[in-house]
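Construct the complete structure from the given sequences, taking the supplied hints into account.
Next come the chains, spelled out residue by residue.
Number of protein chains: 2
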Amino acid sequence: MTAASPRRGTLVLVPNGLDFGAPQPMPLNRVLPHAVIERAAALTHWVVEDAKTARAFIKRIAAEVPLAAPLQSLSIRELPRPAKGKGGETPGGTERAWASLLEPALTGHDIGLLSEAGLPAVADPGATLVALAHVQGLAIEPLPGASALMLALAASGLNGQQFAFVGYLPIDGATRAARIRELEASSRRQMQTQIAIEAPYRNPALLQSLLQHLAPTTRLCVACALGWPDGWCRMQRVSQWRQAPPAISARLPAVFLFQAG
Amino acid sequence: MTAASPRRGTLVLVPNGLDFGAPQPMPLNRVLPHAVIERAAALTHWVVEDAKTARAFIKRIAAEVPLAAPLQSLSIRELPRPAKGKGGETPGGTERAWASLLEPALTGHDIGLLSEAGLPAVADPGATLVALAHVQGLAIEPLPGASALMLALAASGLNGQQFAFVGYLPIDGATRAARIRELEASSRRQMQTQIAIEAPYRNPALLQSLLQHLAPTTRLCVACALGWPDGWCRMQRVSQWRQAPPAISARLPAVFLFQAG
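In the order they appear, the protein sequences are chains D and P. Position 185 (the first sequence) corresponds to 185 in this note's numbering; numbering is contiguous. The number in this note's numbering is simply the position in the second sequence, starting from 1, with 261 added.
Keep in mind that the hints are not guaranteed to be accurate.
[Unchecked claim] Reference excerpt, derived from the structure (chain P facing chain D, CB under 7 Å, subset only):
1) 391
2) 397
3) 398
[Said to hold, decoys possible] Which stretches of chain P does chain D cover? Using the computed rule of at least three CB atoms under 8 Å from a CB of chain D, they are:
4) 291-299
5) 312-321
6) 404-413
7) 425-431
8) 495-507
Don't read these hints as lab results, they were simulated from the structure. From the three backbone atoms N, C-alpha and C, an ideal C-beta is built for every residue, glycine too.
Structure, rendered in structure tokens:
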């Protein structure tokens with residue numbers, strides 16, 4: 001007689017709030033569905049981008065729904081730091097290190113995957129772990145939550161039927177200018193909205209480059225701190241922006257979107 | 262003495278559930294944050310993709326939070342039907358028809374914009390109205406909600422740092438094959454995840470085309486009915502899919518994602 005194989009756990013993709021870094025975090029019921037908060041409160045095993053901020057997140061969960069186990073008894077492990085590479089996440093860590101993160105699922109524990117803001121594995125680390133879960137045949141349960149990229153796209157008024165997220169643009173001036181023109185040409189050819197982000201302290205420089213190198217008729221949207229109490233979003237043609245360039249914070253997250261017109 | 266200009270209303274982008282067409286709609290607290298439900302309950306003016314399903318949505322809102330005004334007294338107007346065009350939303354309706362939809366905002370009413378599922382203006386109509394609101398200088402408030410495309414991307418394990426939503430693929434066999442190869446080449450060049458959708462009744466045909474024309478080493482994810490009770494998501498290489506092609510429903514929404522490997 002062979003023992004029945006234990007139920008295997010699910011990899012649960014837990015959305016975070018969008019206000020990472022805000023001085024006053026908002027109550028989670030502003031950004032997460034109640035059922036998502038309940039599901040997160042029941043998890044005892046976590047794999048996260050950063051353990052310290054994950055604990056802060058779980059405290060916000062506990063403020064809405066009692067946790068299944070005390071915070072200090074939870075298993076909270078960090079993703080291997082990605083090696084920043086061109087055009088994508090180049091995962092750090094050995095194969096064995098990644099596999100060990102999924103071990104609790106083999107003995108029946110659901111595992112929550114969490115990033116610093118929004119959905120894990122979307123403009124954030126985590127995809128390598130999800131891919132490995134597929135290889136291992138684990139069930140994957142993405143809980144519904146917001147993505148700052150999609151809020152910005154919806155609020156931009158630009159084409160939401162064809163769009164590309166292109167991540168970070170090159171920093172070097174000439175390379176950046178060439179990349180901006182390439183993305184604009186691609187946008188014109190495909191009627192595609194291009195979506196880019198930048199480290200907040202470089203937001204003013206990126207905006208300046210976009211205003212310098214995009215065509216006057218291209219429509220440009222700046223979405224700043226959406227999901228924060230004072231978030232804002234403005235879209236107009238580059239020619240209009242040039243007449244009165246906006247003051248953009250070097251401390252707040254922003255999303256830049258443009259469509260050749 | 263001139264009268265003070267009245268406060269102008271905000272265009273509020275209201276997320277919908279993801280289970281459009283499901284026989285048993287889920288309680289909205291499964292998919293929407295409580296604060297979003299409260300904000301929606303307070304709106305008296307709506308612009309929607311379809312008035313009948315919008316009323317059903319507002320009833321689901323009312324089941325969680327009392328409405329500010331009775332359902333039958335709400336102003337619910339429909340977006341002009343888009344003329345389906347290549348590569349984007351070609352708006353139907355005259356400029357005047359669009360402008361009239363925003364008139365309540367000029368007298369201080371907030372207006373809720375709602376599509377059939379997920380976020381308005383993302384893989385759904387509404388961008389034309391949002392763009393017009395920008396031209397008129399109205400504030401735009403995107404409420405946080407889920408997008409089926411992003412849940413699928415997070416759950417795919419494919420690259421979430423570079424991705425493109427390419428909408429519907431051509432229906433004609435030869436044109437479709439060429440487009441699939443073009444997208445795969447672009448994915449390889451840019452390490453980019455390609456995201457496509459199809460009308461549910463064509464899902465089996467699209468899956469067959471993808472399995473036929475993608476390279477064996479390309480990773481393909483099928484995400485079916487995410488956000489529904491029985492949603493599922495599987496990712497593996499095309500060579501593996503070919504050994505045991507999945508049964509995909511011709512009635513449920515699906516998202517197809519692939520990345521050249």
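Would you list, in rising numerical order, the hints stated earlier that this structure does not obey?
Going through the list in order, the structure violates hints 2, 3 and 5 and respects the others.
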